Every structure is written in structure tokens, then in C-alpha cells.
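Colleague: The listed protein sequences derive, respectively, from chains A and B. Residue numbers are given in my numbering: position 67 of the first sequence equals residue 67, and the series is strictly consecutive. Residue numbers are given in my numbering: position 171 of the second sequence equals residue 171, and the series is strictly consecutive.
Be aware that one or more of the hints could be misleading.
For each label pair, taking beta carbons as the anchor points, the in silico distance ranges come out as [stated by the list, open to error]:
id : chain 1 : residue 1 : chain 2 : residue 2 : range
1  : A       : E90       : B       : R24       : 15 to 21 Å
2  : A       : A11       : B       : F144      : 32 to 38 Å
3  : B       : E137      : A       : L99       : 50 to 56 Å
4  : B       : E50       : A       : E96       : 42 to 48 Å
5  : A       : N88       : B       : E2        : 47 to 53 Å
Sample of chain A residues facing chain B (criterion: CB under 10 Å; computed from the structure) [stated by the list, open to error]:
id : residue
6  : N42
7  : I46
8  : S52
9  : F63
10 : L100
If you are wondering where the hints come from, they were derived from the structure by calculation, not from laboratory data. Values in this document were obtained by computation on a predicted structure and should not be read as measured data. Note that the Cβ used here is the ideal one computed from N, Cα and C, for glycine as well.
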Amino acid sequence: MQPVTTVHYLALSVALLLIGTVGVLTRRNIVIILMSIELILNAVNINLIAFSHQLQNVNGQIFAIFVITDAVAEAAVGLGILIALFRNKETVLADEVNLLKW
Amino acid sequence: METFSFYAFAVLVLGGAILTITRRSAVHSAISLIVSLVGVAGLYLLQQAEFLFAVQIVLYIGGIMVLFLFVIMLVNLDEAAKERQFNGQWLIALICATVVGLQVAWFMTKGAGALKLAQVPVAAAQTGAPVSPGNVEAIADVLFSEYLLPFEVASVLLLVAVVGSVVMAKKRI
Numbered sequence: 001m002q003p004v005t006t007v008h009y010l011a012l013s014v015a016l017l018l019i020g021t022v023g024v025l026t027r028r029n030i031v032i033i034l035m036s037i038e039l040i041l042n043a044v045n046i047n048l049i050a051f052s053h054q055l056q057n058v059n060g061q062i063f064a065i066f067v068i069t070d071a072v073a074e075a076a077v078g079l080g081i082l083i084a085l086f087r088n089k090e091t092v093l094a095d096e097v098n099l100l101k102w
Numbered sequence: 001m002e003t004f005s006f007y008a009f010a011v012l013v014l015g016g017a018i019l020t021i022t023r024r025s026a027v028h029s030a031i032s033l034i035v036s037l038v039g040v041a042g043l044y045l046l047q048q049a050e051f052l053f054a055v056q057i058v059l060y061i062g063g064i065m066v067l068f069l070f071v072i073m074l075v076n077l078d079e080a081a082k083e084r085q086f087n088g089q090w091l092i093a094l095i096c097a098t099v100v101g102l103q104v105a106w107f108m109t110k111g112a113g114a115l116k117l118a119q120v121p122v123a124a125a126q127t128g129a130p131v132s133p134g135n136v137e138a139i140a141d142v143l144f145s146e147y148l149l150p151f152e153v154a155s156v157l158l159l160v161a162v163v164g165s166v167v168m169a170k171k172r173i
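Bound conformation, chain A alone:
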């Protein structure tokens, strides 16, 4: 087997990003849409760590820490919004929340 290079990590990261994108675009359940966003953020982190390792530079890992911080904030606020939404509309399906739709 050929050794693992940065390109392998980039390909894995792209695959994870695309799976997350398909999840965001096709699922109706808001909880699972939020989970797909977590997948996308993890794809970004794999990318950052791969380049950090290849260039032997720790800055990529710092950025990955900031991305994780953002993911935590996003999950907390998103799930808070979901609870408020469920309390008001009794639904967790994204396309039933259509008040602002044309």
C-alpha cells in the first residue's frame, strides 16, 4: 500500500463535507440538520490538521480550536432555537416552518 499523504486527508475531508451538505439539503428534521452542520465543521478541522501536520506548523491546530469553539456556540444556540420553536409550533420539521415563505 502506498503511504498516506496529505491528499488522502483532503479527499476524506471533501467526502465528509459533501455528505454533510447532502444532509443539510435533504433532511427535514432540524436536529439532524444541526448534526450535518457538525459533520461539515469536522471536515474543515480534518483539513486544518492535515495541513498543520504537513507544514509542521501549530497554527492550523489553533484554528481548529477556534472552529470547535464556534461549533459549540452554534450547537448551543441552534438547539435553544429548536426548543423555542417546538414550544411554539409543536414541530421539528424544517419545511413546516413556512411563515416567511413566498
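Please arrange chain B on chain A, whose structure you already have, making use of the hints.
Modeller: The following block gives chain B in isolation, referenced to the frame of chain A:
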């Protein structure tokens, strides 16, 4: 050995991700997402990012996933599980995924030579590297000197997120 571990973790990551977006029950999705995140943590370990490995386990799997499971428990998802799980946007999703995938694949084949990504094996890159302090010390040195201001801004961001989520989840706003 490293190649084998990479492919094992890659299977964990991608299999968990595919299960996450296809399961009907949100709890099954959450458990698949945990599998995927464990795989990502393993990839961090393969690339000598030990601190991020620990952060991934403690924060993602211990923190965010417990948050998700709490919300799944609070919100009644039984009704939603009986409904249709996918909206009819398969065509748009496939077009988006194909376009982005082709773009990135094109740039990777173009840029692989320029960046010498394919030529330099990851393991060989660090044989000549000087003996450095541990990963945690290296991160701390940079984080608390060069990135001190972004670090403080991130803490303010977390404070805003905490206040915001508490206000959102309050009974009467």
C-alpha cells in the same frame, strides 16, 4: 500500520456520517455521529495532534453530543419519526455535491504538484524535524501569545452563546 489505521478511521468517519444522514430515528443518528466523531479523533491522533484528540473526545463527544441527546429527549420526536424524512430536494443536493466535488477534485489534481502534497509522505516529513516540546506546550505557546486577542474574543462569543441559548429556551421571552 499508519496506512491501515488511516483507512480504518476513514471507514469509521464516512460510515458514521452516511448513517447519520440516513437514519429515521434521531437517536440512531446521534449515535452514528458519535462513531464518526471518534473516527475524526483517531485521525487527529494519527497526525500528532494529541491536544485536539483530547478536545474532540471531551468536548464533542462528551459535551455537544450529550447536549444533542438532551434536546432529543426534551423534544418529542416520535411524531417526526413517522413522517417523511426527506424533502424532495435530492436533485439540488446531488447537483451541489457534484459541482463542489468536481471543483475540489480538479483543484487537488492541479495543486498536488504545486504544493508537493502527493510527493511528500506525511511520515517522512517529520523525520528530520527538530525535537520540539510536546503538542500541548506548543499549542499553548502560540495560543497565549500570538492568538491572545482571538482567544479572548472566543470567550466572549461563548458567553454570548450561553446567554442566548438560555434566553431562547426560557418559558416566556
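Colleague: Against this structure, judge whether each hint is valid.
Modeller: For each hint, the structure was consulted:
Roughly 20 Å separates the CB atoms of A:E90 and B:R24, a value that falls within the hinted 15 to 21 Å. Between A:A11 and B:F144 the Cβ separation comes to about 34 Å, which falls inside the hinted range of 32 to 38 Å. Judged by the Cβ atoms, the range 50 to 56 Å given for B:E137 and A:L99 holds: they are separated by roughly 52 Å. For B:E50 paired with A:E96, a C-beta distance near 45 Å keeps the hint of 42 to 48 Å intact.
Taken as a hint, the range 47 to 53 Å holds for the pair A:N88 and B:E2, whose Cβ atoms sit roughly 51 Å apart. Restraint check, A:N42 versus chain B: the minimum CB separation of about 5 Å is within 10 Å; hint holds. Because the smallest distance between the Cβ of A:I46 and any Cβ of chain B comes to about 6 Å, under 10 Å, the interface hint for this residue holds. The criterion of a C-beta within 10 Å of any C-beta in chain B is met by A:S52, whose closest approach is roughly 7 Å, and the hint holds.
For the restraint placing A:F63 at the interface with chain B, the shortest Cβ-Cβ distance is roughly 9 Å, inside the 10 Å limit, so the hint holds. Against a cut-off of 10 Å between C-beta atoms, the interface hint on A:L100 is violated, since the closest Cβ of chain B lies about 17 Å away.
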